[in-house]
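Visitor: Here is what each chain is made of, one letter per residue.
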Amino acid sequence: DAGITQSPRHKVTETGTPVTLRCHQTENHRYMYWYRQDPGHGLRLIHYSYGVKDTDKGEVSDGYSVSRSKTEDFLLTLESATSSQTSVYFCAISDVGGFVGNTEAFFGQGTRLTVV
Amino acid sequence: AQKITQTQPGMFVQEKEAVTLDCTYDTSDQSYGLFWYKQPSSGEMIFLIYQGSYDEQNATEGRYSLNFQKARKSANLVISASQLGDSAMYFCAMREGRGTDKLIFGTGTRLQVFP
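Chains as they are written, first to last, in my numbering: chain A, 1 to 116; chain B, 1001 to 1115.
Each hint should be verified, as a subset may be incorrect.
Claimed, not checked - On the chain A side, residues computed to face chain B include the following (Cβ under 8 Å):
no., residue
1, P18
2, E27
3, N28
4, L43
5, Y50
6, V52
7, F90
8, Q109
9, G110
Stated by the list, open to error - DSS-like mimics (lysine-lysine), calculated; alpha carbons at most 30 Å apart, straight line:
no., chain 1, residue 1, chain 2, residue 2
10, B, K1070, A, K57
11, B, K1073, B, K1016
12, A, K57, B, K1003
13, B, K1016, B, K1070
14, A, K70, A, K57
15, B, K1003, B, K1073
16, A, K53, A, K70
17, B, K1073, A, K53
18, B, K1003, B, K1070
19, A, K70, A, K11
20, A, K57, A, K11
21, A, K57, B, K1073
Unchecked claim - Listed next, with one range per pair, are the computed distances between beta-carbon atoms:
no., chain 1, residue 1, chain 2, residue 2, range
22, A, S84, B, P1009, 20 to 28 Å
23, B, R1072, A, G63, 30 to 38 Å
24, A, T114, B, A1081, 17 to 25 Å
25, B, T1060, A, P18, 26 to 34 Å
26, A, G16, B, Q1030, 22 to 30 Å
27, B, A1081, A, S80, 47 to 55 Å
28, B, F1012, A, P39, 25 to 33 Å
Hints are computed from structural coordinates only; laboratory data are not their basis.
Remember, it's a predicted structure, so these values are computed and weren't measured experimentally.
From the three backbone atoms N, C-alpha and C, an ideal C-beta is built for every residue, glycine too.
Take these sequences, add in the hints, and give me the full structure.
Guide: Take a look at the structure:
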């Protein structure tokens, strides 16, 4: 199994508080992704990183920020949590392939976040 | 813009029968990769199969095959000889080869296999 760990696995927080989720990998993979999963929406990309300090927005980035100061860690921050950010958050990692996209992404176990 | 569409929210199939899960995609890139993942009720994401945009033959992995029709921009997953353990959510995904390797997913199809 790919070495990818998400923390915390479960969190309940209050509206308006900042929250940081951590994704840690031991595979030295270049690419890292944060998704949220909600019923009927599948996995939606929040932010992704293609190298240290190289990040870009996904389709649902409003209210979220990320940082990647070293290869192994990709942090997702909810600046001021809202109830609409209650979701399951997945981190994924992927290596550079010999050809475009021919390496699969490996996923963490997910973080269940509840904003009350 | 990059987009993945799965139009079947749910599918039913009888055990031992084959089933096709639909996936269409949209991209302006010539170089991209297509993936299928399985998510059982336990929640983990399991990689099933990959197809590259320049691959001339359809990908196969055991009971899984990918019906790749590039002109139609479709990448349907075919599961042969369905098993009860195949009951799960299935996601189609696309990765663009622009160096950033943005990876996006469709909304998924819930497959239920009945005896």
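Visitor: Hint by hint, note whether the structure agrees.
Guide: Here is how each hint holds up against the structure:
no.	hint	verdict
1	P18	26 Å, violated
2	E27	14 Å, violated
3	N28	16 Å, violated
4	L43	4 Å, holds
5	Y50	5 Å, holds
6	V52	14 Å, violated
7	F90	7 Å, holds
8	Q109	7 Å, holds
9	G110	6 Å, holds
10	B/K1070 to A/K57	28 Å, holds
11	B/K1073 to B/K1016	29 Å, holds
12	A/K57 to B/K1003	15 Å, holds
13	B/K1016 to B/K1070	29 Å, holds
14	A/K70 to A/K57	18 Å, holds
15	B/K1003 to B/K1073	11 Å, holds
16	A/K53 to A/K70	8 Å, holds
17	B/K1073 to A/K53	34 Å, violated
18	B/K1003 to B/K1070	15 Å, holds
19	A/K70 to A/K11	25 Å, holds
20	A/K57 to A/K11	24 Å, holds
21	A/K57 to B/K1073	25 Å, holds
22	A/S84 to B/P1009: 20 to 28 Å	22 Å, holds
23	B/R1072 to A/G63: 30 to 38 Å	37 Å, holds
24	A/T114 to B/A1081: 17 to 25 Å	40 Å, violated
25	B/T1060 to A/P18: 26 to 34 Å	47 Å, violated
26	A/G16 to B/Q1030: 22 to 30 Å	46 Å, violated
27	B/A1081 to A/S80: 47 to 55 Å	51 Å, holds
28	B/F1012 to A/P39: 25 to 33 Å	19 Å, violated
Checked against the numbered hints given earlier, this structure breaks hints 1, 2, 3, 6, 17, 24, 25, 26 and 28; the rest are met.
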